[in-house]
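Undergrad: Here the sequence shown is numbered in full-length UniProt numbering, starting from 1 and rising by one per residue.
Do not take every clue at face value.
In silico DSS-like links for lysine-lysine, alpha-carbon gap of 27 Å or less [said to hold, decoys possible]:
1. Lys118 with Lys147
2. Lys145 with Lys86
3. Lys118 with Lys145
4. Lys151 with Lys118
5. Lys151 with Lys86
6. Lys103 with Lys145
7. Lys86 with Lys44
8. Lys44 with Lys55
9. Lys86 with Lys164
10. Lys196 with Lys8
11. Lys86 with Lys118
12. Lys103 with Lys118
13. Lys164 with Lys55
14. Lys86 with Lys147
15. Lys55 with Lys151
16. Lys118 with Lys142
17. Lys20 with Lys196
18. Lys20 with Lys8
19. Lys142 with Lys103
20. Lys196 with Lys164
Keep in mind the hints are simulated off the structure, nothing from the lab.
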Amino acid sequence: MQEEGTAKYGVTQFSDLTPKEFATKYLGSRISGKVHRVQLDDLKAAPASVDWRDKGAVGPVENQSVCFSCWAFSVAGNIEGQWFLKTGQLVSLSKQQLVDCDKLNYGCEGGYPTEAYKEIRRMGGLELEEDYPYIADEQACKLDKSKLLAKIDDSIVLEIDEEKQTAWLAEHGPTSVLLNAVPLQYYESGISHPSKDLCPSDDLNHAVLSVGYGTEDGVPYWIVKNSWGATWGEDGYFRIYRGDGTCGIDQSVTSAIIH
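Given only the sequences and the hints, what does the whole structure look like? Please build it.
TA: Below is the structure:
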């Protein structure tokens, strides 16, 4: 593997799959990046490092299993962070509600965070995970409006500028991000920095949650929460190079807005 970072790759829970099987089972189809972006101005200078896990804004790592619902985990994680910043309470929000009831996305066939935010507004919010638990399969929508908890007012797509995206995350909490996750099949630990040939930035096939950033031995990185269970990667997380759009990590960075 053409690796310019410090990442270790090896035997993982996905090693017995061919790259094609892995992509078919765990990665969505190419995700469109055609959206209206917000230009970021008036941002505070970003501190050297931020980890929203330490601030209590990030829930436990979960496992999407063999359902292309990464988009639902990414969006729910973002809204959990926004809700925490608004209320001081960390809750676990329903991914299954999105899989079953979101009419603009495709349930276990995949979806777009930008569309999911619109649907959450249409539905009036998200229920708690315990009220509408995840089953890793599509079923008829069982939305209970009386149990809706987290409501959102709007959503934004950040401009493609990792310096500004870093400052935004430092100030406003974890962001939903898309990336090309092909190299993550064999990822174990460290800062992933595959070449552009190996990991084209226009092939966005996975949605995750960016929860922080830092620098290790002079190498800047993002801290990213995945939805492949806590035994994968660095306790369910991975780090990826920050600053040159590695694997398209800067191409579709979004967040719900709660006033």
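Undergrad: For each hint, tell me whether it holds in the structure or not.
TA: Cross-check of the supplied hints:
Between Lys118 and Lys147 the alpha-carbon distance is near 19 Å, which keeps this suggested pair within the 27 Å criterion. Pair hint Lys145 plus Lys86 holds up; C-alpha atoms about 21 Å apart against a cutoff of 27 Å. Under the criterion of a C-alpha separation no larger than 27 Å, the hint pairing Lys118 with Lys145 is consistent with the structure, at around 17 Å. With a C-alpha separation of about 11 Å, the suggested pair Lys151 and Lys118 falls inside the 27 Å cut-off, and the hint holds.
A threshold of 27 Å between alpha carbons decides the hint, and for Lys151 with Lys86 the separation of about 11 Å falls inside it, so the pair holds. With a CA separation close to 16 Å, the supplied pair Lys103 and Lys145 stays within the 27 Å bound. Note on Lys86 and Lys44: the hinted pairing holds, with a Cα-Cα distance of about 19 Å set against a maximum of 27 Å. With a CA separation close to 18 Å, the supplied pair Lys44 and Lys55 stays within the 27 Å bound.
Proposed proximity of Lys86 and Lys164 is supported: the alpha carbons are some 22 Å apart, at most 27 Å. Between Lys196 and Lys8 the CA atoms are separated by roughly 18 Å; this keeps the pair inside 27 Å, and the hint holds. About 20 Å separates the Cα atoms of Lys86 and Lys118, which keeps this hinted pair within 27 Å; it holds. Pair hint Lys103 plus Lys118 holds up; C-alpha atoms about 10 Å apart against a cutoff of 27 Å.
Distance restraint check for Lys164 and Lys55: the Cα-Cα separation of roughly 21 Å lies within the 27 Å cut-off, and the hinted pair is therefore satisfied. As the CA atoms of Lys86 and Lys147 are separated by approximately 19 Å, the hinted pair is consistent with the 27 Å bound. Of the pairs offered as hints, the one joining Lys55 and Lys151 holds, with about 22 Å between alpha carbons and a cut-off of 27 Å not exceeded. Using a Cα cut-off of 27 Å, the hinted pair Lys118 and Lys142 holds, with the two alpha carbons roughly 19 Å apart.
At roughly 19 Å between alpha-carbon atoms, Lys20 and Lys196 fall within 27 Å of each other, so this suggested pair holds. Between the alpha carbons of Lys20 and Lys8 the distance comes to roughly 21 Å, so the proposed pair stays at or under 27 Å and holds. In summary, the hint linking Lys142 to Lys103 is supported, as the alpha carbons are separated by about 13 Å, within the 27 Å threshold. The straight-line distance between the Cα atoms of Lys196 and Lys164 is roughly 22 Å, inside the 27 Å bound, and the hint therefore holds.
Hint compliance for this structure: no hint is broken.
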